[in-house]
Amino acid sequence: MAGWIILGIFVLGILWLIVIYNGLIAKRNDVQGSWKQIDVQLNRRHDLIPNLVSTVKGALEFEQDTLEKVISARAKAVGATGPQSKAEAENMLTQALGKLFAVMENYPDLKSNQNVMQLQEELTSTENRIAFARQLYNDLVANYRTALQVFPSNFVSSMFNFRTEEYFEAPAETKAVPAVNLSIRK
Amino acid sequence: MPLTFIDIERQKNWRIVLFFLVLMALYLLAAALFFAALLPGPLSAEPRFWVFLVIAAALTASIHFWFSASNAVDTVVRRLNAQPPDLKDDVHRMFANIIQELHVVTGAKRNIRCAVIPSLSLNALAAADLKGNAVIAITEGLLSRLSRPQVEAVVAHEAHHILSGDCLETTVAASIFGTFSSAMEKVRYSSSNRLFASPAFLLAWVLLQLGYLVNLFISREREYRADAAAVRMTRNPLALAETLHFLSRGWRGAGFIGSGFEMLCIVNPVATTLDETEGFLPDLLSTHPPIKKRLEILLQMARVSITELDANAERRSGRKGTDAQERYFVMSPARLWQGPFTAGELDALPWLSPLTWVANGKGKTAERAWKDPLLNTIFLRRLAGDGRIESGFTCPVCKQPLVTAAYEGTQIVQCGFCAGTLVENGRIPRIIARTGRERPCTERLNALARSVLQQNQARNIYRKVAARGAGQVPLLPCPKCKNPMFRGFYSTAHLIEVDRCSNCGLTWFDQDELEMLQCLIENRLLPDITVAVKD
Ligand SMILES: [Zn+2]
Ligand SMILES: [Zn+2]
Ligand SMILES: [Zn+2]
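These protein sequence lines are chains A and B, in that order.
Note that the numbering used here numbers the first sequence so that position 154 is 161, with each residue one more than the last.
Note that the numbering used here numbers the second sequence so that position 411 is 412, with each residue one more than the last.
Simulated from the structure, these hints should not be mistaken for lab results.
Every value quoted in this text rests on a predicted model; they were computed, and no experiment measured them.
It cannot be assumed that every hint is accurate.
Claimed, not checked - Here are the in silico distance ranges between beta carbons for each label pair:
#, chain 1, residue 1, chain 2, residue 2, range
1, B, W51, A, A149, 55 to 61 Å
2, A, N168, B, N112, 32 to 38 Å
3, B, L19, A, A149, 34 to 40 Å
4, B, N112, A, A82, 34 to 40 Å
5, A, E128, B, T493, 40 to 46 Å
6, B, A385, A, S61, 47 to 53 Å
7, B, P430, A, N113, 44 to 50 Å
8, B, P441, A, N122, 31 to 37 Å
As the list claims (entries may be wrong) - Computed list of lysine to aspartate or glutamate pairs in EDC-like fashion (alpha-carbon distance at most 16 Å, straight line):
#, chain 1, residue 1, chain 2, residue 2
9, B, K132, B, D75
10, B, K110, A, D37
11, B, K89, A, E129
12, B, K89, A, E128
13, A, K43, A, E172
14, A, K118, B, D91
15, B, K372, B, E297
16, A, K83, A, D54
17, A, K93, A, E172
18, B, K400, B, E368
19, A, K118, A, E129
Every residue, glycine too, gets a C-beta built ideally from N, C-alpha and C.
For reference, chain B alone in the conformation it holds in the complex (with noise of 0.2 Å):
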């Protein structure tokens, strides 16, 4: 059934009163230590001081409280200077009728803005606030690199946190204890050091600190729930699924989407170890599940729906299945479930790869093709067919064996289905060197190269100025030790993302990443170093 709306509950909003009082003690505790410097002595003593206090921090912690959580909602698309999408622009079109989908599956009852964050980084997030306003923003990367399912998929998600009532809270908690991170941000961005030292800043980050505490109160469950509510509206598992997985390799928007406002998006901005891990602490402490689960429980959707459509086709055709041969579904490039075939049928399937969604009988989840022991064979036998010569390694995202192939001149390693290349690092420089010689850069590969630049560049500032890592990427195996690969820009001076082994100096590129980096290098495209820190 997609989800109507009309059976979901909503919460009770008592951690919002939770909030208040927090914001309330920080006052009263801050006003307390400069009375407590300024009059020491007995008039402190008195119970009328007290009373005085208590009532004037409660009276700055309602304007505080009013001020940032009434009107949270224009406050997070002023900040992030998001748009509403342009109806004359295909994409954006498609956003905002499917936004209009989901106020027909509401009945109206709510009113939904949507909004585009101009950033090419990979992100979505939702926010809502006391005097009724709701918002779903997706960042102009995003929206351009996903189909349509995975988009409902995405707005699915984000609509539940909204109708149920927990993004109302974790806008308040953002708003109210986030201003001060974001503001802190802006300073150590503009870097004047100076104002490192001012007891403002101190303040500031006083109250940032304890605002972390509100993390406990924002639990881990609410993604599991809205990850089941967008797959029972979408009834597509697997566009989410392929959704998260994206999201978790590249880049999230950190930098970009000011802190503070990470527990409103759909995955961190900041990929952390501590999102990433179970156990009793990360569950207290942490507002994101691993993607690792969620991308768990969403195959077995997968799996569960497929039974499902197995019935279904068996009660349509009458005739019982027949259990001598292993049955498969397989998701078609249409993004439909197909099926039921043998294994023989799928062989006749042109567009099966490794990389394709199948389930069978047995397994418990959805998987990729590559996975079952059986349709492996097919793709060997592909290989062979095409009179290749194997090269002794396995393709870290189908593992499938690799062949080796020339290139430019010289010998390189290839997977005949992802299009991913792996070279020895020693022949890196010859390749460059010959660019052009026997492929020329394509109009096609010189737009790819600088917008990966462009992006690349903005996320290669921050990680400077925060002096932060990559964080938790899922790292590639090395095809030839298996270790996991180091994930990196090929220089400082070539900012295309690639995976190196170090032990045994090997470069993976991923499909057209060996071409841009070619290209960038043929064109002289360079990071602009006089871009500087936009806010």
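Just chain A, same shape as in the assembly (with noise of 0.2 Å):
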């Protein structure tokens, strides 16, 4: 009869295992498959300046400094590796162009532009993507070390080495972000 109650227990805890454990890969798939969005995103982007580039360069006589200031940034960000670097590289890329955007303001021409227009809204639309693609990211990191920190999963992920994953900094924050109360009343 003891030997019964023992196996249960023993094979309780084997399930408790197993559903933990699968919990913990559930969230590190998750971290990763968001990682391959961002990079989606990324690479997007990474294609569209070469065209944006040739396309106002003859408008932007007088600011070739700041297209070569883009090219060399996105250089830089193609050839970058792993979330630190990568990120460091990113927010280069988004800086430079974020002056590029501000400097075509002032060429009406290329407002009147259609092809002009629609690269910068596919680029407009690349940007926000890479924020929000960021903050899942981000969230979701902070999901999975939260799992790996906490009583009792924190005993199987040492038992399996779960690595923890890094965060993807986002730059220094130029929008104003406000704060906001979902649980707000009247």
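With the hints in hand, could you dock these two chains into one complex?
Have a look at this one:
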């Protein structure tokens, strides 16, 4: 009789381990999946930039400096590997692009050029997607890290050597962040 | 933080069960009445009869429930004739892009379609159904008149409805009980009066009235929550505030977006007094909160976000703000907050106007620049610098003194900032008679006049058919006596909307409205009386 009970507890213990292990794996896969999403969007941006540069080059004769910066920032970003250095290079590129867009505002000819406007829309959309993908990634990393640290899943994580994941650092905040309370009352 | 929707708590959808029970009770009631009339006497007292009745009612209700709620998204899309965006069109492409961005933020956990409603009205709606489909639809009119950040705000608002699950609730309610009402509206429009007396119509009418009870369970709160979520995602409270204000003054699609869909919309297509009031009863019965209240909350959020920006700027520059001088943040034409500026620095900004959004160290919300007395002196000086003559009237929009000007050989009063025009009623015929003498109708004005006419025509027909007024739109104060001006069409033949004070005999035209009126008359652009009401 006692043997059966011990066996039962043993089986339950194994089941419990499996459940926690699978939960951790799922969280880690979420993190890796969302990293791929960032990559997709970053590549999209890398692909769009040469088009934009060649389209506006003629009109921006006196802004070669700004254009050069965009091109070199892109080259660096394409070459970067690993979350840390990638984040740095991409943030540089974001800034260079922001500068270019600001400069383009001063050229009304560009605004009436449909091709330029379409490229700009695609790039704006991509910028947003990068920001959102990064946010999703960071949230999922935070989720995963918590799971690695709290009891009882921390036993399982150390037993199977789950590694922690790095955050993708955002550029310095340039847009104001409104404090929002979702449980708002009238 | 942008909203990633990881943390959106899905609501318990117990109300959907409730809707089913209400529906079943309705059918049970109808059947009981029917049989009571048909088979009087002892039969109806038998318990077996009642069991049968309950089962029959439950069955009918289930069928009705399943057919209307399972495929509700397709039904909504079909009934509004909403089309997927045309990717070759720049504006549609932007909308599609924004929806794609939304999928990135949600980790593509939920597939949301987007659609464009072919109407010049201004509204947006979201629908979701039991099969897991979801759609965000925006009218062509709204889409083409909003900037990108504004469309982002609208999409984020609707997305929160879908992801939090309250959209499923409203869609189910709308499709179960709204089917009746839109069917009734069609009958009313085709206006074959005999139908009104038929029993089927009466039954539909009773169900429709009971359907309004559903509003009891659709809380206003969800709109506030969706607004807040939209701000969290887009970080741009002013974009949403501007959109809501814009919607509140325009045609929101009453008559086109069938009633029954109201609760899916971002603003109620029919402007009602109930929606715009607070209190126990309106809170209970109305599905949309007052736009004024929503704006107030959004402007407060904008204010908070600026304080943060201010702190960031201080940290970066490493210097403490000097409190001796008032510091301002302003929203640039590129829709970005800039600052901090002193009043003197603001004066140097050529694009600063009374309608620019400004936040200073004191106020609780972001405000239009004209509300700040110090900034008003800047505008006054600019006016004086132009050497124009003040008329003693105040612009109802930007609250700046209006100046006199010559126009088509007569005298009018104009705002130097928003380009609005105030004309004494007696002078309008003169201006119209002299059209083309000084300023010919340009291609742009003609096109504008045509599209406004087209839009207002549909609106006018609806008003006649439904015998309802404009409802509650925010009214401008009269530049002379400060009483609210009446907003309506210039005349039934000239469908340009103007604001009028009957006391003072004055008419206020917003930018381009006077010119459009002239072009309408010059080119004989009259409402097409052959246009029949389409469903
Ligand atoms: Zn809403
Ligand atoms: Zn004005
Ligand atoms: Zn008056």
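To see whether the hints hold, each was checked on the structure:
1. The beta-carbon spacing between W51(B) and A149(A), approximately 58 Å, falls within the hinted interval of 55 to 61 Å.
2. At about 36 Å, the CB distance of N168(A) to N112(B) agrees with the hint of 32 to 38 Å.
3. A C-beta distance of roughly 37 Å is found between L19(B) and A149(A), which places it inside the suggested range of 34 to 40 Å.
4. One distance hint, 34 to 40 Å for the beta-carbon pair N112(B) and A82(A), holds here, with the actual separation near 37 Å.
5. Separation of E128(A) from T493(B) is about 42 Å and conforms to the stated range, judged on CB atoms against 40 to 46 Å.
6. Here the CB-CB span from A385(B) to S61(A) is close to 50 Å, well matched to the stated 47 to 53 Å.
7. Range check, P430(B) to N113(A): Cβ separation about 45 Å, and the 44 to 50 Å hint holds.
8. Taking the beta carbon of each, P441(B) and N122(A) are about 33 Å apart, inside 31 to 37 Å as hinted.
9. A C-alpha spacing of about 11 Å is found between K132(B) and D75(B), which places the hinted pair at or below 16 Å, so the restraint holds.
10. The hinted pair formed by K110(B) and D37(A) meets the criterion: a straight-line CA distance of about 11 Å does not exceed 16 Å.
11. The straight-line distance between the Cα atoms of K89(B) and E129(A) is roughly 13 Å, inside the 16 Å bound, and the hint therefore holds.
12. Restraint check for K89(B) and E128(A): the C-alpha separation of about 13 Å stays at or below 16 Å, so the hint holds.
13. Distance hint between K43(A) and E172(A) is fulfilled; the C-alpha atoms sit about 14 Å from each other, no more than 16 Å.
14. Under the criterion of a C-alpha separation no larger than 16 Å, the hint pairing K118(A) with D91(B) is consistent with the structure, at around 13 Å.
15. A distance of roughly 15 Å separates the Cα atoms of K372(B) and E297(B); the hinted pair therefore holds under the 16 Å criterion.
16. For the hint linking K83(A) to D54(A), the alpha-carbon distance of about 14 Å falls within 16 Å, and the restraint holds.
17. For a cut-off of 16 Å, the pair hint linking K93(A) to E172(A) stands: about 15 Å separates their Cα positions.
18. At roughly 13 Å between alpha-carbon atoms, K400(B) and E368(B) fall within 16 Å of each other, so this suggested pair holds.
19. Restraint check: the Cα-Cα separation between K118(A) and E129(A) comes to about 15 Å, which is no more than 16 Å; the hinted pair holds.
Consistency with the previously given hints is maintained throughout, with no hint failing.
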